[in-house]
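Participant: Place chain B on chain A using the hints.
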Amino acid sequence: MAAINLKDNNALRPSAFARFREAISPLTQSKTAMLGFIMVMFWVIIGLFADDILFRPACWSEDSECKATPWLARYEAQQSFRGQILKDPTAEHWLGTDRQGRDIWARVAHGTRIVLALAPISVIVALLVGGSLGLIAGYFGKWVDEIIMRILDAMIGIPSILMYLVILAALGPSYLTIVLAVTVTGAPGIAKLVRSLTLDIKTRDYIAAAQTRGESPWYIMFVEILPNARGPIMIDAMLRMGYAVFAMGTLGFLGLGLPPPSPDWGSIVNAGRTHLLGGHPWGALAGSLSTATLVLGLNLMADGLQEQLNKYR
Amino acid sequence: MDAPVISVKNLAISYETSRGDVPAVRNVTFDIYRGQTLGLVGESGCGKSTVAYGLVNYLGRNGKISGGDIVFQGQSLVGRSGEELRKLRGNSIGMVYQDPFTSLNPAMNVGEQMMEVLTVHQKISTEAARDKCLKMLQRVYMPSPEKILERYPHQISGGQQQRVVIAMALLNNPSLLIMDEPTTALDVTIEAAVLDLIADLRRDFDTAILFISHNLGVVARVCERVGVMYAGELVELAMANEIFANPRHPYTQGLMRALPRLGVDKASSALYPIRGRVPSPSRLPPGCTFEPRCDYATEACRTNKQVFRALHTPITQDAATEPDVLGSHKVRCQFAEQIDPKAWVPAETLALYGRSDQFGKIPETVLDVDMLSTHYKSGGTSLLGAFGLGKRETVKAVDGVSFKLPRGKSLGVVGESGSGKSTLVKTIIGLEDMTSGKAQFMSFSLEKSARQRDLSLVKELQMVFQNPDATLNPAYSVGKQIERPLRRFGVVPSNQVRDEVIRLLREVKLDEHYYDRLPRQLSGGEKQRVGIARAFAGRPDLVLADEPVSALDVSVQAAVLNLLLGIQKDQGTTMIFIAHDLSVVRFFCDYIAVMYCGQIMEIGPAEAIYSPPYHPYTESLLAAVPIPDPTVQQSHIRLDGAIPSPANPPSGCRFHTRCPRRGLVPGDKCVTTVPTWQTIRTSDDDNDSHRIFCHIPAEELSKLEQALH
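Protein chains in written order, with our numbering: chain A, 24 to 336; chain B, 35 to 743.
Think of the hints as simulated: they come from the structure by calculation, not from any bench. The structure presented is a predicted model; accordingly, all values stated were derived computationally and were not measured. For each residue, glycine too, the CB sits at the ideal point set by N, CA and C. Be aware that one or more of the hints could be misleading.
[Stated by the list, open to error] Here are the simulated EDC-like cross-link-like pairs (lysine to aspartate or glutamate), alpha carbons at most 20 angstroms apart as the crow flies: (1) Lys-225/A <-> Asp-467/B; (2) Lys-165/A <-> Asp-467/B; (3) Lys-514/B <-> Asp-228/A.
[Stated by the list, open to error] To give an idea of the chain B side of the interface with chain A (calculated C-beta under 10 angstroms), a few residues: (4) Pro-326; (5) Pro-397; (6) Ile-463; (7) Leu-465; (8) Gln-486; (9) Leu-489; (10) Lys-493; (11) Met-497; (12) Phe-499; (13) Thr-505; (14) Pro-508; (15) Pro-519; (16) Pro-553; (17) Arg-568; (18) Gly-572.
In isolation and in its complexed conformation, chain A is listed as follows (with noise of 0.2 angstroms):
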């Protein structure tokens, strides 16, 4: 029995390894896709390692005391410069700093943090919801197909913004309310890009073949079909993650997102706005501009992931 499972790991190993260096090639291979992912890495890097505190399991509870020291970030998030109010940039302040003296760069690197996980976990969570909505949909048809989609057509029918302030309204902000009122206002269009796909993949012998050994229909979505939609899915969540930055910056920037002293993006570009015309762009700009990349980065690589697929065909 071991000898067997050896013998299946060995030749599994290969496989996986080539099938990892498959799964990048379309990034590499496109110089678009190159740059986005470049841009967005760019952000990783600075949330990864703005301070040392994700590297300290000692730290991640809640209620201790640990006290983190800066790395990119340079500063802290909350903390005052005394007499650097409304500063320009300078050596010791990359960005200068804001209203009440805090490093607008050390906020701006803090921030990515929220952004970068708040974005894709919202991300995630509407593609779990939209994508099997859209594979029962799409599978199943007939009633079933009609009652999902003229529900989740009414969904769409209701502007995003007017959505997300009912959901805060209703619930308050934190979050798990960002995360849930990106995934309402997501999950309806990624239910209509899986069903298509499923109708279209549904046709196909293979599945024929499946239906024919008597598997059961959630077997067949999830593991015959899902897996055939996976190109056009991810490539539609790339753009939805920027979406989501997008949303979330427009949150923070209605003064609905998390409450302060946050340093999302949107809280930034808030908080900087007001000192626009007083000669003191730098914390509006460093917002937007941070948005911006990310979701230019984002969008980039979406096209270029697609322009490789369409190679494919």
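Facilitator: This is chain B only, laid out in the frame that chain A set:
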């Protein structure tokens, strides 16, 4: 003699890719004269279509003519700009593509599209153009052409669409007509009519035609000269009679051997596939391109390029520089004169798969289908439909089908598309719900859908599919996909699954390296083999094969048929085999059922179906089959129109609207009365009887002449 309409000399076409130029076509030399049809045949990937696109300079952004010359009506077409070409060529080259539906613009009605062809190229009034279009439609035997002009492409049948496309191509009276697989997407009956039309038009318009097809039978019917292409080269070129009677190139000979002839069955002969596969144009063998697959190859073949020369001339003489003389026989093989195809011995002797009941033993019935019907409700997808309020129409895809099938035998199901063949097997396997009737498999009832059936029953019924590209899930490796049924049905203990997969791969003549390959790394034939391995993994008793070889090339088809026969014999599997190719069914099956519009018209032992007495529909099908032998005479019976919609089948005998023998029945009995089954031959075995569903008495049907002679 006149100058040729088009003269292709040493044509080479290559595609630029990121890994350098790929020579798709090399050394192609031929002339076509007025009123002559040259057929180009060969397997997929041999460059037939590339030649056609090269002639009209439609090679796409990365294609280019990299050598040779194309002289059209005395002027060279190579190396000129697009505008110059347009002027030179004018409107005197017409082109007809494979799929008529995609050649027509769905947003314009037929009249507008046809008139556009005229008005774009010349100043002509709308009325005159319309008049010309109408005449042309009449010329292509279009029934009620005025009405057709007003219709949109989706409102007319496939055969009519192809007629419109041909009419459009002929509107400007071209001197050269290029047809790229013009009948491949059509049913045999319609194909036969379109081929007749092409032959007529050539005679009347005196057009030169380049006819491309993978089907040797089709080429034999319409072409007087045939060129065989292999791996981008023309390997043989001769008059059609000559090439079919006396093929000189080993590849042509191999193609002929791989092809089942109508009337030949598995008991009397074997099909010999050509080993190996067509080399990719980026990795051609250094010497003769066919050398790796050739039974006659010598050391010299491996290193020396072969020249294209006329038979009985020294091998140094390259015919590419010679004028192409009509009637000459050219070949690209230095041993062409010495090779005797009759003396050919297969590298391995293939066993004949005779009928298994030599000892008079009657095998038990495994499948008993009784008055089976499958009706669909169409138009029930709206929200109203969810509440049962939608307007619905019943489509009677299968309507009252009965047959019995003994163990270990194969039943072939033939008929035009839309006759309900696929629905029948899908109902038996449980992918569609039956509406009424009974189907019994051994002691199991097949009433429930596959999902609700007992696993022990599910295991016994498996299916082989038509399209090699859709039969395997692209996301999983070959091994994983064969594993699934093994695990699901618990065929072998889980620690032996991998060994069993490898055994199955070997069974379908693939080695164990295929275990980790992904479907897109396989060729069509290999995918089909994996599909067969998967179907047979659970050791089913009944395998339903839905056109398993239709999408494959001739040489691969032979190998897959042999494989299916071998596994069937080893495992004693009962099979239902759907096909539209009557020669393949005849070769493969013990019994044949001919279906039309949801009903069986005739059923019986394979050999009985192919000679009188037969149902008039069977007769029409036989008369339409393209036979790869120009000397065979077929009776000239052509069916009009398309198969009626199963939502609204004709009354009485369903075939009465198209029946060529209706005159044999007095009055309107065919329209009003449903025929009864006539049993032609009764043996002790009930399964062996030959039954015909027709009003015409059997004695009279026996007097019908042979469809092939």
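Participant: Hints first: check each against the structure and report whether it holds.
Facilitator: Going down the list of hints, with the structure as the test:
Restraint check for Lys-225/A and Asp-467/B: satisfied, since their Cα atoms lie roughly 18 angstroms apart, inside the 20 angstroms limit. Only pairs whose Cα atoms come within 20 angstroms are accepted, and Lys-165/A paired with Asp-467/B is accepted, the gap being roughly 16 angstroms. Pair hint Lys-514/B plus Asp-228/A holds up; C-alpha atoms about 17 angstroms apart against a cutoff of 20 angstroms. Because the smallest distance between the Cβ of Pro-326/B and any Cβ of chain A comes to about 28 angstroms, over 10 angstroms, the interface hint for this residue is violated.
The beta carbon of Pro-397/B is not positioned within 10 angstroms of any beta carbon in chain A (closest approach about 24 angstroms), and the interface hint is therefore violated. Hint status for Ile-463/B: holds, given a least beta-carbon distance of 5 angstroms to chain A, under 10 angstroms. A least Cβ separation of about 6 angstroms between Leu-465/B and chain A falls short of the 10 angstroms threshold, and the interface hint therefore holds. Because the beta carbon of Gln-486/B sits about 8 angstroms from the nearest beta carbon in chain A, less than 10 angstroms, this interface hint is met.
Taking 10 angstroms as the C-beta cut-off, the interface hint given for Leu-489/B holds, the closest approach to chain A being about 6 angstroms. With a least beta-carbon distance of about 8 angstroms to chain A, the hint placing Lys-493/B at the interface is held under the 10 angstroms criterion. Here the hint on Met-497/B is kept, as its CB sits about 5 angstroms from the closest CB of chain A, short of 10 angstroms. Annotation: interface hint on Phe-499/B holds; nearest CB of chain A at approximately 4 angstroms, less than 10 angstroms.
Proximity of Thr-505/B to chain A holds as hinted, the smallest CB-CB distance being about 5 angstroms (cut-off 10 angstroms). For Pro-508/B, the shortest C-beta to C-beta distance to chain A is roughly 6 angstroms, which falls under 10 angstroms, so the interface hint holds. Restraint check, Pro-519/B versus chain A: the minimum CB separation of about 6 angstroms is within 10 angstroms; hint holds. The beta carbon of Pro-553/B comes within 9 angstroms of a beta carbon in chain A, closer than 10 angstroms, and the hint placing it at the interface holds.
Using the Cβ-Cβ criterion of 10 angstroms, the hint placing Arg-568/B at the interface with chain A is satisfied: the shortest such distance is roughly 7 angstroms. Taken as an interface hint, Gly-572/B checks out: its beta carbon lies about 8 angstroms from the nearest beta carbon of chain A, inside 10 angstroms.
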